Amino acid sequence: MTSNASTLTLAKALNAGLRRSMENDPKVLMMGEDVGKLGGVFRVTDGLQKDFGEDRVIDTPLAESGIIGTAVGLALRGYRPVCEIQFDGFVFPGYDQLVTQVAKMHFRSGGRLRLPIVVRIPYGGGIGAVEHHSESPEAYFAHTPGLKVVTCANPIDAYWMLQDAISADDPIIFFEPKRRYYEKAEVDLDNHPGIGLHASRVVRDGSDVTVATYGPMVKTCLEAAVAAEDEERSLEIIDLRTLSPLDLDPVYESVRRTGRLVVVHEAQRTLGIGTEVAARVTEECFYSLEAPVVRVTGYDTPYPPARIEDDYLPDLDRVLDGVDRALAY
Amino acid sequence: MTVDTAATSNRGAADGEPELVQLLTPEGQRIPHERYDALIDDITADEIRGFYRDLVLSRRIDSEAVSLQRQGELGLWASMLGQEAAQVGSSRALRRQDHVFPTYREHAVAWCRGVDPAQLLGLFRGVDQGSWDPAQNNFHLYTIVIGAQTLHATGYAMGVQRDGANGTGDPDRDAAVIAYFGDGATSQGDVSESFIWASVNNAPVVFFCQNNQWAISEPLERQTRVPLYRRAHGFGFPGLRVDGNDVLACLAVTREALQRARDGEGPSLIEAFTYRMGAHTTTDDPTRYRLDTELEHWRLKDPIERVKAYMIRSEMADQAFFEQIEAEADDMAERLRRECRALPDPAPDSIFDQVYVDTPPTLLAQRDEMVRYLDSFADEEASR
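In order, the protein sequences belong to chains C and H.
Position 280 of the first sequence, counted from 1, bears residue number 280 in my numbering, the numbering being contiguous throughout.
Position 253 of the second sequence, counted from 1, bears residue number 253 in my numbering, the numbering being contiguous throughout.
Treat the hints as calculated values from the structure; they're not laboratory data.
None of the values given here were measured: they were computed from a predicted structure.
Each hint can be trusted.
Below, a sample of chain C positions facing chain H; criterion: calculated Cβ distance under 7 Å:
(1) G69
(2) R77
(3) S109
The C-beta atom is built at its ideal place from N, Cα and C for all residues, glycine as well.
Working from the sequences, and respecting the hints, build out all of it.
Given below as structure tokens:
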């Protein structure tokens, strides 16, 4: 196999993935606010309108329900719209169309209609933003049958998962960890890594405590694992990658060895992804567990003002604190 | 042109009632119209008889469904009684390649598009959520969330543009999209957003609003302070009001709007001024919020009676024709009752089949769980 490797930021990798999808399939469209000339506020669609034209990279009016609702119509006509929601906190005007229409169309049509729509949402905090720009709303969508939810944590997954999502026939909410947009990695642009879109993955082997996480927290947890080595604690880190459906087989396998699980996410705790992971691990690994499943998450408050967001967000020390709690039993 | 103010004398716009396009008076008199006569001058007596048949048979579908609900065969029905002309007139303006996005009350549109009436019942009986194939008749599934389909129609129209199926001058290729909605829906953000999208994209979509005066219990003045058709002007495309109980006028104005869309000239809004003679649905009780006199007033403007009077007046049909249509309606009703009762319940575990195109293993595991649970009762039965 030839290798066409390139060092890319996560944002550039997404851009390259979008470009590849548009080259491969003329039915793929981009639509959203400022995605054309500006290239999106994070430049993820940079240069696409110039190369693919205004009919395929559509600067939409400023209304999220309109973006999702017209994407439904375009998909019914045979197109594959990729919608950009500018920031996590702005998805809610489009929430009705996503939950009542996009999620149910295949089901209610008895399987006749398909909506191969991808909705890209930059999510998460840590960038010093004003309110509504730092949220983690993934659980709302993972709770909705008919939608699939995935999130990438590094440039390689950004490039390939986005292409896989666009070529899938189910509607997919694609969460992008905005604080990691400028993290770099070498990406092989030609050879698919072979892991499925809806598969989780062990990203660091360990033996004492399993840490399941996703999106922006994967890097934080990997850093925590390095720090834990100093205390001779071995953390196994799992990047969940897919939040709906969850792929917990690697988590079960790991917990059966470690007996301890910490789940880490930025989103608020109650009824978050960590809650579901804890419930399922309890069902599947009850006799292997040495400790209750520990959740290290944002708190059950609105996202705070930026000057104190570091105290709200899980960081390396809070992850290690969670590990300590898991090991205390 | 006739201006009819009586029905809305206490709820009109402050500057007086707008003109509405009318070609057939409630008494069945064909009145000339400078602009719209030309749009229906090809209509033959045979086609008029066809419209009459559409009106009578679709009303019969509706009344049979109400009866089936009363007999417990349907869980609910949303009657379109009184709105037949708006629906038949507008949908008989469509071409094969045009695409329809209905609400849940477009039974006569479904009829005109060739959807089997029995298929309309499944949603209301609770055995499916729309069983017809939208691609077969270019008739989308009913949409229950108010106004949501106007965005779908607009997006679909944007797809038509991208397919080059618009503005080519080829009458068999150029397509338009029509979105049906009601007066209540005009308050929804989705409807305003669809107007914006259609306008700035010059999308080939016709917004067909059946203003039936009532959104369940709320009269029009709870939704708007201006006549609805005038909303279009603020969005930058034409809007007009038509007598929604006049099948010929609805045909004429919709033909014009659809052709404008097919020609690449952009969207239009039609406000079909009509009246919901029945309840909102079979669970509704209109006596709590409106007066019988209002209903009596609109009965005089019945959309079917005026076509019948017109046909008799112009000797297009004789008694034998009307009897033949009644007999056909009786036959259809009998078939509808039979087919409704025969609609099978879906298998309980079928709910898992079409949540996704690519069903995840976690969902398959839940299906197995349900099947095991249900089967456990079969085992009990067997062991007795």
